[in-house]
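Colleague: As given, the protein sequences belong to chains A and B, one line each in that order. For the first sequence, our numbering assigns the number 18 to the initial residue and increments by one for each residue that follows. For the second sequence, our numbering assigns the number 337 to the initial residue and increments by one for each residue that follows.
Calculated directly from the structure, the hints in this document are not laboratory data. The beta-carbon is built from N, C-alpha and C at its ideal position, and this holds for glycine as well. Hints are supplied without guarantee of correctness; some may be wrong.
To be verified - Where chain A lies over chain B, by a calculated footprint (3+ residues, C-beta under 8 angstroms):
| id | region |
| --- | --- |
| 1 | 349–355 |
| 2 | 382–392 |
| 3 | 456–463 |
| 4 | 532–545 |
| 5 | 549–556 |
To be verified - A short list of chain B residues far from chain A (calculated; beta carbon distances all over 10 angstroms):
| id | residue |
| --- | --- |
| 6 | Val343 |
| 7 | Phe373 |
| 8 | Phe406 |
| 9 | Arg425 |
| 10 | Ala434 |
| 11 | Leu471 |
To be verified - The following residues of chain A were derived to be distant from chain B, with all beta-carbon distances above 12 angstroms:
| id | residue |
| --- | --- |
| 12 | Pro116 |
| 13 | Leu215 |
| 14 | Thr222 |
| 15 | Ala239 |
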Amino acid sequence: MASRSRPLRDLLPWLTCLAMLAAIYLVFVAAPSEREQGVVQRIFYFHVGAAWMAFAGFALVAIASLWFLARGDRRADRLALANAEVGMLFTTIVLVTGPIWARPVWGVWWTWDPRLTMTVVLWTIYAAYLMLRRLGGGDEALGRYAAVLGIVGALDVPLIIVSIRLWRGIHPAVMLAKEPDAGLKDPTMKIALLVSGLALALLFTWLVSLRMRLQKVDDELARLNLEATPRMR
Amino acid sequence: MTVWAIVRKDLSIELRTGETLSSLLLLALLAILIFAFALDPALLAGADFVAGLLWTTLIFAATLALNRSFLLEHEAGGWTGLALAPVDRGSIYLGKAAANLVLLIVAAALLLPLTAVLVGTTRLAPTPALPVVVLLGVTGISAVGTLFAAIAIRTRAREVLLPLLIFPLLAPLVIAAAKATAGALSGKSFAELRSWLLVLGSFDVIFLTAGWTAFDFVIEE
Numbered sequence: 018m019a020s021r022s023r024p025l026r027d028l029l030p031w032l033t034c035l036a037m038l039a040a041i042y043l044v045f046v047a048a049p050s051e052r053e054q055g056v057v058q059r060i061f062y063f064h065v066g067a068a069w070m071a072f073a074g075f076a077l078v079a080i081a082s083l084w085f086l087a088r089g090d091r092r093a094d095r096l097a098l099a100n101a102e103v104g105m106l107f108t109t110i111v112l113v114t115g116p117i118w119a120r121p122v123w124g125v126w127w128t129w130d131p132r133l134t135m136t137v138v139l140w141t142i143y144a145a146y147l148m149l150r151r152l153g154g155g156d157e158a159l160g161r162y163a164a165v166l167g168i169v170g171a172l173d174v175p176l177i178i179v180s181i182r183l184w185r186g187i188h189p190a191v192m193l194a195k196e197p198d199a200g201l202k203d204p205t206m207k208i209a210l211l212v213s214g215l216a217l218a219l220l221f222t223w224l225v226s227l228r229m230r231l232q233k234v235d236d237e238l239a240r241l242n243l244e245a246t247p248r249m250r
Numbered sequence: 337m338t339v340w341a342i343v344r345k346d347l348s349i350e351l352r353t354g355e356t357l358s359s360l361l362l363l364a365l366l367a368i369l370i371f372a373f374a375l376d377p378a379l380l381a382g383a384d385f386v387a388g389l390l391w392t393t394l395i396f397a398a399t400l401a402l403n404r405s406f407l408l409e410h411e412a413g414g415w416t417g418l419a420l421a422p423v424d425r426g427s428i429y430l431g432k433a434a435a436n437l438v439l440l441i442v443a444a445a446l447l448l449p450l451t452a453v454l455v456g457t458t459r460l461a462p463t464p465a466l467p468v469v470v471l472l473g474v475t476g477i478s479a480v481g482t483l484f485a486a487i488a489i490r491t492r493a494r495e496v497l498l499p500l501l502i503f504p505l506l507a508p509l510v511i512a513a514a515k516a517t518a519g520a521l522s523g524k525s526f527a528e529l530r531s532w533l534l535v536l537g538s539f540d541v542i543f544l545t546a547g548w549t550a551f552d553f554v555i556e557e
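Just chain B, same shape as in the assembly:
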């Protein structure tokens, strides 16, 4: 119930302001443009490039959204409320992670076709594995990102720290997500992507469990 209450709170704030999602999407679009200018898409077109572009932009843009996810709690004194609430802290983490996940799913769903169109490749053959790969990938970003966003915002360096903390940890996820997305865009089935899906799935399970357990030590006043 706690999980649902927090998801609903975060999403209704987002629905009314749209601040996080719009800045996330604009940053992602700018990142795509910068990549396209810097690394001529005419030379790099293809499923590998679309997948690589999608995950690089998603990771950078997600950092922005994650940094904002505890901003209200931090600035309006909501931490004390969360810490005093007679609920399991792990559920607070799951609620926050789920709200971030929804934002990232929306972002990924808009960015993937946009990237494919802008890169201008016509030889993509998406398979049913594609949504599964993307979902597992953004779940991992949200799992790691939510835990460390709560930590980063409470340190002296604040926003600066979050990408420094999560990018190294996301290394295996980026490798697996980019490779699996490229595969799913070029006609590969679930069976052919099995090892990548296993890496992504284990990543999600391990870090959701870790965040759920460790959140006790993060919120403790």
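With the rest of the complex left out, here is chain A:
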């Protein structure tokens, strides 16, 4: 069993569980309620933590894609795919928790504020990447095509940020005073944010490693199938 020789990987699920329990305790029990927004503000700890990982996932897809194009290493290809899938999941978490928080606080489910717009565009790029992987067909070249999209998508990010800021900049940003990280005065709140960020980072890493293992088995299976039926494609 190859998995026996990886103590760090075996430890990852347990670390994730521990961190997640600690985060839940800090978010729901230890941290005080925010004065103006009340209990709904507690969604913020997971919302922001998920957003960090969603953006990090995007950068990781691009780095893994560059590595794959430069070296042709299949592991990099699997890393890019796993990061895109898990990154898409975390972006979805951000886009679901955001409106749940916004409705009671801002009075609307959605506003075209730069951060929200940015996140939804990011989501569509992840979706495009996964559609290419899904609809592309299973040939060797697909990894290269996906890598090109992974890199080009990351190149697009600064342009997206600038253009959306200019676009919405004409109007005053909604509720600027209630920007998430503006009001973190309580030290317990800061600790709760850091711990839930850590817990989500561990969860992200764990899911990515699981997905990579699955893909490795998948690749192996495809290779064996190909060997078993020569000249049949």
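Got chain A; can you put chain B on it based on the hints?
Modeller: Here is chain B on its own, set in the frame of chain A:
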């Protein structure tokens, strides 16, 4: 030279058949009609609406033209020829992108006045910035579109995939092009549109460079 050879090949095919340009223009016209029926122009008239209409129709119609741009190569086995040709692959990309750009320029030049007339607004004050904005905008569509058209046509899903791949990437371009076009239609000068022109210009430079570099990995057999 490679660039020029490919531009000339693509454009002479287009000149003799006119297939791509005519379908692009007809689709754009239909899109304008559908927008007009669905979003009453009497309520929305003005430079903002003309600019928005122009860029939405251009993006959708361009997808059709871009999907066709590698069709001949794909169906007639031209890929092997392109891959075997002893030329820089980046130049093949630039040639294809330039040919697509010419089509889009012609389309934009016809659609812009048509949109303005159909929307029926009389308060437009176009400035010299207008052609520059439109040119930078269609260059960006062609830069991103040509790269991903080459990818999409070689996948299982083919045509379906192209808009899914390029629309998200074109988001900053659409924002900048629509805003800048609206500005240029309502009397704004180069200086007033500086930040939008910068966004458009950077978009073009970044994606032309990316396509030129990445085409090696797309054509590789």
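Colleague: If a hint holds in the structure, say so; if it doesn't, say that too.
Modeller: Each hint, compared with the structure:
With 0 residues having a beta carbon nearer than 8 angstroms to a beta carbon of chain A, the region 349–355 of chain B misses the requirement of three or more and the stated coverage is violated. Against chain A, the region 382–392 of chain B contributes 0 residues with a C-beta closer than 8 angstroms to a partner C-beta. That does not satisfy the three-residue criterion, and the hint is violated. Only residues whose beta carbon comes within less than 8 angstroms of a beta carbon in chain A count, and the region 456–463 of chain B has 0; fewer than three means the coverage is violated. Given a C-beta distance limit of less than 8 angstroms, the hint that chain A covers the region 532–545 of chain B holds, as 6 residues qualify and 3 suffice.
Here's how the region 549–556 of chain B fares: 4 of its residues keep a CB closer than 8 angstroms to some CB of chain A, so the rule of at least three is met and the hint holds. Every C-beta of chain A lies more than 10 angstroms from that of Val343/B, the closest at about 23 angstroms, which supports listing it as non-interface. The beta carbon of Phe373/B is kept farther than 10 angstroms from every beta carbon of chain A, the shortest such distance being approximately 26 angstroms. The beta carbon of Phe406/B is kept farther than 10 angstroms from every beta carbon of chain A, the shortest such distance being approximately 13 angstroms.
With a minimum CB-CB distance of about 13 angstroms to chain A, Arg425/B clears the 10 angstroms threshold, and the non-interface call stands. Against the 10 angstroms criterion, Ala434/B stays outside the reach of chain A, whose nearest CB is about 19 angstroms from its own CB. Interface exclusion of Leu471/B from chain A stands, the closest Cβ pair being 18 angstroms apart, more than 10 angstroms. No Cβ of chain B approaches the Cβ of Pro116/A within 12 angstroms, the least distance being about 20 angstroms, so the stated non-interface status holds.
For Leu215/A, the shortest C-beta to C-beta distance to chain B comes to about 30 angstroms, beyond the 12 angstroms cut-off, and the non-interface label holds. At the 12 angstroms boundary, the C-beta of Thr222/A stays outside the reach of chain B, the nearest C-beta of that chain being 26 angstroms off. With a least beta-carbon separation of about 15 angstroms from chain B, Ala239/A lies farther than 12 angstroms from that chain, consistent with its non-interface assignment.
In this structure, the hints that do not hold are numbers 1, 2 and 3, in rising order.
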